[in-house]
Amino acid sequence: MKYAGLLVMPTGFLIAVAALVLFPDPARRGVFVVCGLVLEAVGLAVAVRGHMPGARRP
Amino acid sequence: MTDQPLPDTLCALAAGLLVLAPLAIAGLALINAGLGRSRSAAQSLVGSLAIFSVAVIAFAVLGSVFAAPGGATFSVAGKPWNWIGGGHWLMGNFAGAAPERQLQILFECLAVALVGLIPWGAGADRLRLAAGIAVAVLTGAFLFPLFAHWEWGGGWLASLGVNFGLGAGFVDAAGAASIHAIGGLSALAIVWITGPRKSKFPREGLATAMPAHHGPFVLFGCLLALVGWLAWNAAGAILWLHAAPSALALTALNTLLAAAGALMATLVVTRLRFGKPDASLCANGWMAGLVTSSACAALVSPGEALFIGAIAGVFTPLLVELMELALSIDDPTGAITAHGAGGLWGLFAAGLFAAGRGQFLAQLVGIAAVLGLFLPLIYGLFTVLNRFVAFRVDPDGERLGMDLHELGGGAYPEFVIHRDDSYR
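Residue numbers (numbering that gives the first Met the number 0), protein chains in the order written: chain A, 0 to 57; chain B, 0 to 423.
It should be emphasised that the hints constitute simulated quantities derived from the structure, not laboratory data. There's no promise every hint is true.
Okay, the calculated bits of chain B under chain A, using three or more residues with CB under 8 angstroms as the criterion [claimed, not checked]:
id	stretch
1	74-82
2	357-367
3	371-385
Listed next, the stretches of chain A that the computed footprint assigns to chain B, with coverage defined by at least 3 CB atoms under 8 angstroms from CB atoms of chain B [unchecked claim]:
id	stretch
4	6-12
5	23-36
Incomplete in silico selection of chain A near chain B, CB under 7 angstroms [what the hints assert, rightly or not]:
id	residue
6	Ala15
7	Leu19
8	Val20
9	Glu39
10	Val45
11	Val47
12	His50
13	Pro52
All C-beta atoms in this analysis are idealised placements derived from N, C-alpha and C, irrespective of residue type, glycine included.
I would like the entire structure built from these sequences, with the hints used as guidance.
The structure is reproduced here in structure tokens:
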């Protein structure tokens with residue numbers, strides 16, 4: 000779980016960076032950058048959950 | 000902002016300010032020592048000096064190569080992406096550099112020491128001195144220089160304005176991203192890898208309260224940090240934004256207002272939550288206000304700085320409480336919240352309030368880089384490092400205290416330390 004969350008986070012970063020290159024339109028660019036940040040937040044939440052002591056117990 | 004070289008008078012002023020900037024480091028070291036336990040106080044302060052030294056040496060030997068302007072560039076869709084610097088080993092070109100560049104290197108040397116101290120505080124009472132030093136080497140030689148190059152050395156984040164029309168590019172005059180956000184995320188990685196202090200989270204019941212052992216250290220550290228931050232923010236505005244002398248008073252005023260707004264907000268929130276203001280959380284709130292000012296003090300109006308600081312002061316105690324009680328994250332100094340969350344909020348707010356079309360998007364891209372790329376990178380590197388230099392002290396050392404275990408003597412040898420029921 001914790002590694003999955005941390006692996007998702009760079010994907011969000013790549014989406015944000017790709018938006019700069021792919022979309023000249025500021026509105027679409029902004030939407031995709033925000034989507035990248037949301038994905039990072041989801042990855043962070045999964046990583047935090049994975050590091051909680053309860054998540055390690057069987 | 001201009002590309003013209005700084006006049007000599009401004010260089011002299013920046014040099015004077017940088018002499019005061021280490022007070023921020025001294026303040027943080029006192030806060031770290033005070034918020035930890037009495038049996039780890041000497042190890043905390045010796046570690047602060049060691050980390051300062053090692054981080055500066057690592058930056059001088061290797062990090063300054065990666066942080067310098069120029070270096071490696073690749074092209075994507077016809078746009079240049081400069082991702083790593085290309086300086087000289089051991090600052091070989093320092094004497095021949097322009098005075099402005101020399102001051103920038105000095106600024107970065109001080110900054111790298113501050114980055115190393117942030118995770119050191121989060122690992123208080125169980126992070127080994129050798130591990131703290133190893134983390135400082137990695138931070139000073141690679142992690143900080145890489146991001147510093149991106150935002151200050153003409154890297155791809157600084158070029159977002161030129162390449163993609165996003166305002167002035169990613170703006171961070173005093174290191175809210177490269178110092179505080181990266182330091183705060185390093186603190187999170189350290190806490191995850193070392194785990195909580197023994198008996199902090201018992202199997203049943205709430206988290207055990209482990210209060211600060213020396214409140215006056217902590218609060219005096221906050222006051223010292225203010226002096227350092229005033230100097231740091233003004234020097235950063237001169238060196239990285241080429242701010243005019245007329246803008247420096249506003250930068251200093253905004254720094255004061257952000258800290259004051261944050262402290263008062265934390266005071267009110269803790270008074271409402273617990274019935275009385277909480278000294279440790281007020282210190283965290285104060286630091287969070289200062290950290291937010293690192294991002295935005297040179298860019299916003301006084302009213303906006305007060306608002307930004309107040310928001311930081313509201314979320315700091317709530318986030319510290321959430322992390323401890325709900326997420327089982329044992330961060331004795333509140334570094335993850337004050338530096339990590341405070342830094343990210345400051346960068347966001349700078350984009351929200353700063354003038355310039357596209358500036359907000361540039362700040363969001365910078366935040367995405369810190370959070371999405373650097374947190375996994377830091378965690379991965381620290382996990383590997385932990386295989387070679389164990390981060391956590393052995394249980395016997397934790398029971399004895401870091402002072403006796405690592406240094407052979409306590410910070411307060413004449414004190415009788417009461418029995419700790421948690422180790423029965």
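Cross-check of the supplied hints:
Counting residues of the stretch 74-82 of chain B whose CB lies closer than 8 angstroms to any CB of chain A gives 3, so the stated coverage by that chain holds, three being the minimum. Coverage of a stretch by a chain is defined here by at least three residues with a beta carbon nearer than 8 angstroms to that chain's beta carbons; for the stretch 357-367 of chain B and chain A the count is 6, and the condition holds. Residue count for the stretch 371-385 of chain B with a Cβ under 8 angstroms from a Cβ of chain A: 6. That meets the three needed, and the coverage hint holds. Residues of the stretch 6-12 of chain A lying with their CB closer than 8 angstroms to a CB of chain B number 6, which satisfies the three-residue condition for coverage.
Interface restraint, the stretch 23-36 of chain A with chain B: holds (7 residues with C-beta to C-beta distance below 8 angstroms; minimum three). Given the 7 angstroms rule on beta carbons, the hint for Ala15/A holds: about 4 angstroms separates it from the nearest Cβ of chain B. Restraint check, Leu19/A versus chain B: the minimum CB separation of about 5 angstroms is within 7 angstroms; hint holds. The closest approach between the C-beta of Val20/A and any C-beta of chain B is roughly 5 angstroms, which is under the 7 angstroms cut-off, so the hint is satisfied.
The closest approach between the C-beta of Glu39/A and any C-beta of chain B is roughly 4 angstroms, which is under the 7 angstroms cut-off, so the hint is satisfied. Taken as an interface hint, Val45/A does not check out: its beta carbon lies about 12 angstroms from the nearest beta carbon of chain B, beyond 7 angstroms. For Val47/A, the suggested interface contact is upheld, since its CB lies about 6 angstroms from the closest CB of chain B, less than 7 angstroms. For His50/A, the interface hint holds, since its Cβ comes within 7 angstroms of a Cβ in chain B; the closest pair sits about 5 angstroms apart.
Using the Cβ-Cβ criterion of 7 angstroms, the hint placing Pro52/A at the interface with chain B is satisfied: the shortest such distance is roughly 5 angstroms.
Of the numbered hints listed earlier, the single one contradicted by the structure is hint 10.
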